[in-house]
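Given chain A, work out where chains B and C should sit, using these hints.
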Amino acid sequence: MWAEKLTVYTFTGLVLAYLYFMVPLMVVTVLPAFDGLRSQWREAAASCGATRGQFWRHIGIPVLTPSLLGGAVLMFGTAFASHATAAVLVGGSVQLITIQIANALNGNVLAGQENLALAMSLNMVLVALLVMAVQIPLQRRSARWLG
Amino acid sequence: MTVPVQLKQLRREFGSTVALDGLDLDIAPGELVALLGPSGCGKTTALRIVAGFESADGGELLMDGEDITSVPAHRRDIGMVFQSYSLFPNMTAAENVAYGLRVRGVSSRERAARAGELLDLVGLPGRGGHYPHQLSGGQQQRVALARALAIRPRVLLLDEPLSALDAKVRLSLREEIRRIQLELGITTVFVTHDQEEALSMADRVAVMKDGRLEQCAAPSELYDRPATPFVAEFVGTMNRVPGVVGAGGVVELFGRRLPVQGEAVFGAGAEVDVLIRPEGFAVTAGGASVVRVATFMGATTRLHVSTPSGVEVKVDVPSWEADGLVPGVSCEVVPHEKPVLVAERTLSPA
Amino acid sequence: MARMTSRGPVLGIAALYFLVPVAASLWFTIDSPDGIGFDVYSKGLGSEGLTTSLLRSVSIGLATVALGLLLMVPTTVAVALRLPKLRRIVEILCMMPLVVPPIALVAGVATVLSWQQDLATTPLYGTFQALIDRDFPLILVIVYTVMSLPFLYRSLDAGLRSVDLRTLVEAARSLGASRTQTLLQVVAPNLRQAVMGGAVLSLAMVLGEYSVASVLGFEPFAVWMVNVGDSEAQLSVAAAMLSLLLTWGLLLLLTALAGGRTRKTQSRRKTTS
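Protein chains in written order, with numbering that gives the first Met the number 0: chain A, 0 to 146; chain B, 0 to 349; chain C, 0 to 272.
Since no wrong hints were added, every one of them can be taken at face value.
Across the chosen pairs, the derived CB separations fall in these ranges: (1) B:T16 with A:F20: 42 to 52 Å; (2) C:D33 with A:D34: 49 to 59 Å; (3) C:D33 with A:F20: 25 to 35 Å; (4) C:R172 with B:S171: 40 to 50 Å; (5) B:Y84 with C:A129: 55 to 65 Å; (6) A:V22 with C:N189: 28 to 38 Å; (7) A:I135 with B:D63: 47 to 57 Å.
Here are a few chain B residues that face chain A, going by a calculated C-beta distance under 10 Å: (8) F52; (9) V80; (10) S83; (11) G99; (12) R101; (13) R146.
Looking from chain C toward chain A, a few residues come up when the C-beta cut is under 10 Å (computed): (14) V98; (15) L104; (16) L215.
Bear in mind the hints are in silico, worked out from the structure with no lab data behind them.
Just so you know, these numbers come straight off a predicted model, no measurement behind them.
The C-beta atom is built at its ideal place from N, Cα and C for all residues, glycine as well.
Just chain A, with the same shape it has in the complex (with noise of 0.2 Å):
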C-alpha cells in the first residue's frame, strides 16, 4: 500500500527527484568551504587547549555556516524556478507556479492568460531577485572567512 503511493508522480515524488539532482549540486557548491578550512586553525585551536569538538563548536561550523545557508538558499532558488523536470514528471497533478505559466502560455487549460502568466513570472522573478540579494553577501562572508 506504502510502495504504491510511492511513485516520481506525487508531490513527495517530486521532492525526491529535485533531491536526487540537486545534492550534487550542493556538494559541488560546500566543497570549497570544507576545503579551506585550514588545518593551521585546528593546530591552533589544540595549542590554545580545545578538544576536537570545541574547535568544531566555536570555530568550524560558524566558519561553514554563511557557506551552508549560502548553498541551501541557491538550491531554494534552483527547485523554485525549475520547470522542466517539474512538467515531464507531475504534469498537471501537482500545482507549481512554473507549470501553471507554461499552461496559462500554451492555452492548455484556459486561452486568453498571457497576461497572467507574465504576472506570475513577475512574482517569480522578485523571488529570484530576493533569493541572489539573501546569496550573495552570504558566499561574500564566507570567501572572506575562507579565502
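Just chains B and C now, kept in the frame of chain A:
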C-alpha cells in the same frame, strides 16, 4: 613557570624519507633557541613534535622533566605561533586572544581584561574589536603571539612567524618578539630559515642538517668557531681556498702559515680546502692579485680578487679603506694570523 | 581539512548514486517481453524523429555558441584592455539571465512573438517568420544566447584574469607587433582555453534545454524526447542515454582542455627551475 625542554634521540620517518635522525637538544628554562637550517632539515618537524601535532617514531620529549611524548597537543600547555593564517576568522582579535582562556572556563570579564593586557603588550591597544581580515599581516602575527601567551604557557613555539611578512615589518617584529620573550622569561623555540633572524634573536642557535643537529651554540661561537664545514658555510659567507696541510697541523696560504682549527683530521700532505671569512683577509695595494669587482655595501665594501693561483676570493674591507681598490687595480691579499677551518677538497669551484 | 575518512567508501557511494538510475534506465531500454533486445538501439536510434530533432538541437547550439562568442569575446577583451570602468556593468548585465527563471523568460518572449498578429502587414513580418521557422528557429538562438551569457562571461573573465592581458599586449606592442598581429597572435591563443570552455558549457545547456523550446512550440532534441516518451517509452529513454553520452563527451572534452593547460605550465615550470 618557565621550564626546561629536552629532546632525546627524536626520530621521525615519512615513508622512506627520514625527517629526524636522532635529534638531541637541551633547552634551558627561559632560553630562546632558534632551529636553523635549509628546507628539509627537519626543523619544522622537530617543532611540531614538541607541539604535539606530530608524534615521534622514536626517542623522548621531556618538559620540566616530565615525559610528554604521548600527551595530546591540547593538554601540553604550550603556546604556538604559526607562519600565517592561524587566526580564527569568525572571531575578533580580542576573542582570538581570549580563546585559550575560554576553553579553560575563565569568566568573560577576566578574559576581556587579560586580552586587553596582552594586546597592549604586543603593541595593538584598542584593536581588540577588529576581525583578522581587517588587520595587516604584521598585526595578525602580533595577535597570534598575544593569543599564544594568554594562557601563560610553559613553552612558546614559533614556526617561521616572520617569513610571510614584508622585510620592514619583519625587522621591527623580530625585535618586539625578543623583547617580549625576555620580559616574560619564557622558554622559547623558534624555527627559521633566515640566519640573520636566528643570529640576532637567539640565545643559542641549533643548526640542523638532514634531521640531525650540526651544532648548537651562541651566535658568536657559531660564527667564529663553527664545528663543521656545513655550519661554517651556512652561517655567513665563507671562502674556499685550496691548500695543502703541512707538518705540525698548519696549512700554508698566501705566504702565511696558519694553524688548523679543531681536531687534526688531515695528515701532512693532505689536499684540503681552507675556509676563511671575507673579513679574515687584509688587502694592500700593489701585488700579484687583481681586483675584479668592488661592491659598495655601506660600511663595508666587498671585493672579488683574483689571486695568481687562479683562485678567486671575496674580501670585505671597511669602505673608508677601499678608496683605491677598484676593478683592475693590482693588490696583495694576506690572511690574518688566526686558526682556520679546513675541509675536504671539493673538485668543482664553490 | 584533513581527509578524515578514506576515499574508497565515499567514491563507492557516489558511484552507486550516479550509476543506479543510469543502469535502471539502460535496463528499461533493453528489457522486453521477449527477453533482452537491443532493437531500440539498432532501429530506434536511426529513426527520423531522433535524427531531425538532434540535428536541429546541434545546429541551434552551434549558432548560439557562434553568436555568443561573437558578442562576448570582443566585449570582454575590450573591457579588459581599454574600458575597465565598464567591467562592473558588463558583469551585472551578463549575470542577469541567472536571475530570470527560464519559464519567466519564455513568458516575455511569447508575448513579444504574439505581436506578430499586429505587425502582419509590416515589413517586420518577414523577420517574425524567420524567427519562428520550425527547423531553425532564430528566436531560440537569440534566447539561448542570452541564457548562455553567464557561462561565457564567467569563462572568458576567468581566462582573461589568469593571463594578465594588458602586460602581454604591451610587451607585444613594444616588440613591434601591429594591432591585428597582437590580437591574432597574442590575445587569441591565450583565450582559446576560455573560449572552448564557455562554448562547451553553452552547447551542453542548449542540448538539454526544455522549458523555453516546449512552451514556444518547437521540437529540438529534449522536447522530442519528452514527446515521444508518451508513445515509445523505450526509445525516449534510449535517446536520453544517448544525450547522456553526449554530455559526458562534452565534459570530458572540457576537462581535457583544462588539463592540457595545467600540464603545459607544469612542464614549462620544470624546465626553468
